[in-house]
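J.: Below, each chain spelled out in residue letters.
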Amino acid sequence: MFDVVVVGAGVIGCAIARFLTQYEGRFCVIEKGDDVCCGTSKANSAIVHAGYDAAEGSLKAKYNVLGNAMMAELSEELDFPFQRIGSLVVGTDEKSMPVLEALYERGIKNGVSGMKIVCGDELRKLEPNVSENAVAALYASTAGIVCPFNLTIALAENAAENGAEFRLNTTVKGLEKSENGWIVKTDKGDIETKIVVNAAGVFADNLHNMVSAKKISITARKGEYYLLDKSQGKSVSHTIFQLPTNMGKGILITPTVHGNLLVGPTATDVESKENLSTTALGYEELNKKANLAVNKLNLKETITSFAGLRAHETQEDFIIGFCDDAEGFFDCAGIESPGLASSPAIGKDVAAQVAEKLGLDKKKNYKSTRKGIINPEQLSLEERKDLIKKNPSYGKIICRCESITEGEIIDAATRIIPARNLDAVKRRVRAGMGRCQGGFCSPRVMEILAETQGCKLSSITKKGPGSEIVLRKEAENDQ
Amino acid sequence: MISRDLVIIGGGPAGLAAAVAAYDAGLKDILLIERDYCLGGVLNQCIHAGFGLHTFKEELTGPEYAQRYIDMVLERGIEYKTDCMVISVSPEKIVQITNKDDGIFEVQAKAIILAMGCRERTRGSLNIPGTRPAGVFTAGTAQRLVNIEGYLPGKQVVCLGSGDIGLIMARRMTLEGAKVLCVAEVQEKSPGLKRNIIQCLDDFGIPLLLRHNVINIYGENHITGVDVAEINENFQPIPGTTVHYECDCLLLSTGLIPENELTMGLGAEMDPITKGPVVDEKFMTTVPGVFAAGNVQAVHGLADDVSVHAEIAGRAAAEYIGGGRQ
Ligand SMILES: Cc1cc2nc3c(=O)[nH]c(=O)nc-3n(C[C@H](O)[C@@H](O)[C@H](O)COP(=O)(O)OP(=O)(O)OC[C@H]3O[C@@H](n4cnc5c(N)ncnc54)[C@H](O)[C@@H]3O)c2cc1C
Ligand SMILES: Cc1cc2nc3c(=O)[nH]c(=O)nc-3n(C[C@H](O)[C@H](O)[C@H](O)COP(=O)(O)OP(=O)(O)OC[C@H]3O[C@@H](n4cnc5c(N)ncnc54)[C@H](O)[C@@H]3O)c2cc1C
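Order-wise, the sequence lines are chains B and L.
If you use numbering that gives the first Met the number 0, the first sequence corresponds to residues 0 to 478, in order.
If you use numbering that gives the first Met the number 0, the second sequence corresponds to residues 0 to 325, in order.
For reference, chain L alone in the conformation it holds in the complex (with noise of 0.2 Å):
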């Protein structure tokens, strides 16, 4: 079997930034895992502005941020594998991995650091009622349909949920030449950043509709339209105020949640309020020498925040080792 010190489950900014970190702290053994064909995570399909204000005082793209730690990890030639895709982490820290080329191959690590990032709330978990047609998109799904693969989800589009991902892919679609009818947002308050509503909304004339939800949905093959109602404080439309939105296309952005399989799988104690694993001040699970760092561990905000806490775990996990705790 191969042994390295550190693993490095995923290549998104938190697994760069926790790579960068452990070999400056002196750790040169490490092994960085991705299953995407490149390094870089979700940043890849982030191509608007407003990375890296905090890290490097300027403002990047999300490629450009990302770039930056990939320049890093290839300057300290810290190895990576990319197109590799872990299917499962043991407490004794064996790391199986699958790619085309080598099959399923182990690697036992001293430590781990998981940075698997996180997924999308979809439709079924929101319980909207209506028909299952096509046209249906998780915010991030269309980001990755629109900025990698080139294509467009739709030309008249209503919003669900006014996270940050779901206000600028209003943008988005709204400079590929489709037309936004309505942001709808269930809460009082947008979740998002208050310069993407601006930004993102009010600069185009797409309208915010807080304390709102879309009731039903319609269409049998495709969808045609949809619902949307204000609703009361027990989240219950409220009679008399549907507005029917005739539409192609619905986007969700109604939360992420960090990829915990691997994590479950690992056995580590997990937390009821962040939805990612416990961890301690260093982020390290209660599995010892297993680390958890970025979306996987908690959702940020702000790509900025996870390289500042994955350089942390980087750090804590070459402190790990070198303190030979096994």
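Isolated chain B, as found in the complex (with noise of 0.2 Å):
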């Protein structure tokens, strides 16, 4: 009997799993996907946001800039990439400045801190490759940027660390009430919990109508990108949002942690809450949209296209808290963006109000802190030799566009949460995202995970089961 199952293991579920394990107890995460951080967690702009945007009163504005001013020290204890780069949004029409201050007023309100309306040779100043065409631009010094992956990946380790059990490859079917709480019905068996936390994501609206009679209905709203070789990523400083011109509304440019440039996303409501295909007219768009605010950007040397899918609430704000018809049901449901920015005050919040739902003591022995993989390129060279001296396969170059080593690769495939398949192998060490995107080191990882799983290189998958990679070796076959 758990006292708490969490549904879901993207940057809210495993906060939230993250935080729980501060108190005394027994948590589970169930996840149907083959590791964490493979839902919408993966694709999105990965934006730590100011806390401008969203209304006034609202959860989303509470959570963003709680979570945001969290960010820094979360990412020091848990040791994943967070820059405070600043944004700006910017305008480039007449009707831009009442808008502009429009959002600052909101920012006040919300309590943001360190916004300023800058224009001129001000904005030209923070950012050279700024458009001829941008009037004003709201800076915010306290966005930023973030790892999304390694700020998921770290919650869940360090959740695991403390205790938290992820079942992954785990669907959740159903939801019956049980005496002390439910029973979790999964395509892996039944188990028994007080509390379910909903942290589905997209799909969160499923589980709630499982169990409550006060339906709620979420639209997934894709949104596209194309991200640039790190040749381009030094294009702009900031994050740079553009603000809706009659082109309808703008998209965003920003470095990413890793040096590479990021942009997008398109908006369009889709169907499918799986379908994250990439479209031709997406591509238009972002083709059309991508130098209004910016000048110069090389479109040619983009290196992949990728789309991910918003958790459009009706509502739209996040719903967070306990159901009201449904005992000891917790909601997170709802949670687009500012999602990623608002994962630790999330996690942290719901953490509370659920341990004191069921009395749990804080935890002596938690540890706050957790150790990312060794990158050998943060190292002094004296530093990089002596790691070499010690394990020799940090000597060893796999993947040729990112130098990531053997040694990096059999640590993200030996952690607390192993790296089981190339694309969890990539979100943790970039192995394959680079530009020549896996064409070279693929089949190397592919033969280190084989190898650290004992099993065939014909099992190994690309994003789990039903994605395997290369069909038969003959040698096999002849054993």
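Each statement offered as a hint is correct.
Cut-off 20 Å, straight-line C-alpha distance, at most; resulting in silico cross-link-like pairs (SDA-like, lysine to any residue):
#, chain 1, residue 1, chain 2, residue 2
1, B, LYS229, B, GLU300
2, B, LYS299, L, ASN212
3, B, LYS384, L, PHE104
4, B, LYS388, L, PHE104
To be clear, the hints were calculated from the coordinates, so they are not data collected in a lab.
Each chain sits in its own coordinate frame; assemble them with the hints.
T.: Here it is in structure tokens:
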């Protein structure tokens, strides 16, 4: 019997699990994917927003501002990349000024600090590559960028180190009320728990509607992106948002924590909640809008494109709290943007509410820190040489584009929540995320995975069961 | 710090031929560095015939062709290190290398020949709409999986791009028991060699669809199919021409790009046309004493041409050091 079962190992579920393990109790996270961070948390803009966007008094505003304030310390504790680079909302026509002023006012009401309206030379000094058409911008110094994968994985690993159990490849099919709580019906059997936390992303309405008469409805709103080569990563030094123009809603341009450039997202409602395909229309929109607020983006340097699904709920705000008509069922639904930025605050608050309900005590030997995978590139030459002496696999480079060593990949594949497939390795150490997109290293990474898992190369997948990469090996048949 | 007169980076046909030519021109203090576990470069996976017609006046397979040069290197006792990756090269000609046994170490060279070969263009740079499933490979990756590792990437195959690697892989996959449904090519004319179109496609009844593109990829986890459509002069799909193919593998053979990391890190001026470094008639880059040979300089269609150019670079490097210019 668990105290809490969290459904969904996205950034929200993992943050809740991490903060729950500060308390005494038995906690479990159930995830249908082959890894943590394989839903919306893996495909988004990775911005830690300042918090002026959301309506005053909304949960979005509250958690965003709180989450932003927590992010720097959390990144130290859990060892994931976060950079407070600041953002600019750029207006390109006469009508921009009042809109920027309204955003500023809203930011003040939401409790955002470090904002300023800039124009002319001041704006160009901040961001030399801003478009000639830019008339003014709202600068927010507290905005930042984060690695969404390593944020989520760090939260999950820290939760696991503190005793939370992660059950991957397990789909919740139904929920039954029991005497003391809930029986969670999964494709891998029943799991009993006192409280269920719904952190199922775009599928949170399915889960909620299993137990509540007050239905909610989540629409998947697709956002498509281009990711540009590192050669373009310095095109801008802040996150650049565009105010809406007569061409519609703007897109953003931002450096990523790894030094690439991200351009997007579009916004289109789609029927299927698993529809992550990119489209010709999406590309067209990105091509048209990419250069509205900045000069000279070289879209030819695109190394990949991808899409993510926003969990858009009709009420336009996060739904966070115990469900009125289902005792012991806690909702985190409609967590669209700024969900990533809000995640630390949501995790902390939800854990506190759930712990209070169950009367859980704080854990005495809670370990609040987690070490990430060593990145030899960030070490000094001497440190790097020492590391290779201790562990020669750090001397062998597997991914040539991102200079990822065998040591890092073995670490990723043997951690407390091990990377089991190519995409999982890629999210942890970027092998295959560079300009050749795994063309060179994927056969080598597959070999390492097969070795650590003690299986055949033909069982290694791209992203979980059903995505096996190769069919057979003659030698295997011979044996 | 170790020092050598000449450091050659890359042990493919370019690096090997350059080493031999430099040695024969009188330079003995040479170190050749290769990141793979053996010499030969990409030719090790090119197990088809068609190499050496110019250089040796006979038809060899890729590994046979490479072996001729490897033997020449061995005969001369030229020093080489495999399983070693060069991670940076400085304008002062310090080459930084890493491997498991020695860790990171540096070699001071008087001259350097870059011979790191090329890489393939990927799906990402092509902006093909659709899902991102398993089963999409560049032709060269598939070639390595089939010919070196011994795995089959799929059984129902569509090829995009009719470069020579694509054509050769269409045949290879067919010989391995897969069905190649078609080869789509966006250009009006295939960039592949005429003999490859005949021997790899026509002889096996594989249709070549000129002015066609893959316009959508389907399948959540594993690829289940693609849409192929005819395109107009602006490369836009022509409505009504779309044909859906069910397949479990998409091979991309849409071009090669010089392996530029080290070259750019060095600060050599780049050529927007070849996409490799700017070189003079002796294949010296804009950094004095640093030469570029083979596919790292510009993508060559034929390995035989690579050898010829690399020999020029090898002799030029020997001359450069002999002349005492530094
Ligand atoms: C997949 C593929 C298939 C091809 N098939 C054919 C064919 O059938 N017929 C034909 O005529 N041509 C073919 N080519 C074209 C090419 O011209 C080859 O024939 C020829 O191998 C190029 O020689 P090279 O020495 O320049 O490059 P490569 O053979 O690629 O050799 C470069 C070497 O440098 C090494 N290297 C790279 N970076 C580093 C580093 N940082 N440190 C240490 N070592 C490094 C690599 O491991 C490699 O061994 C093919 C090319 C590719 C990519
Ligand atoms: C285009 C786009 C851009 C965005 N940009 C930003 C941004 O810049 N900044 C920001 O703060 N936010 C941004 N967001 C929002 C942010 O990405 C999300 O709010 C956040 O990732 C949501 O996390 P989650 O854990 O709720 O959902 P998810 O990451 O989707 O996790 C839910 C998990 O539940 C699992 N699951 C679902 N149903 C079941 C079941 N029945 N059984 C078991 N497991 C199940 C899923 O597999 C999934 O892994 C963006 C979103 C999109 C789409």
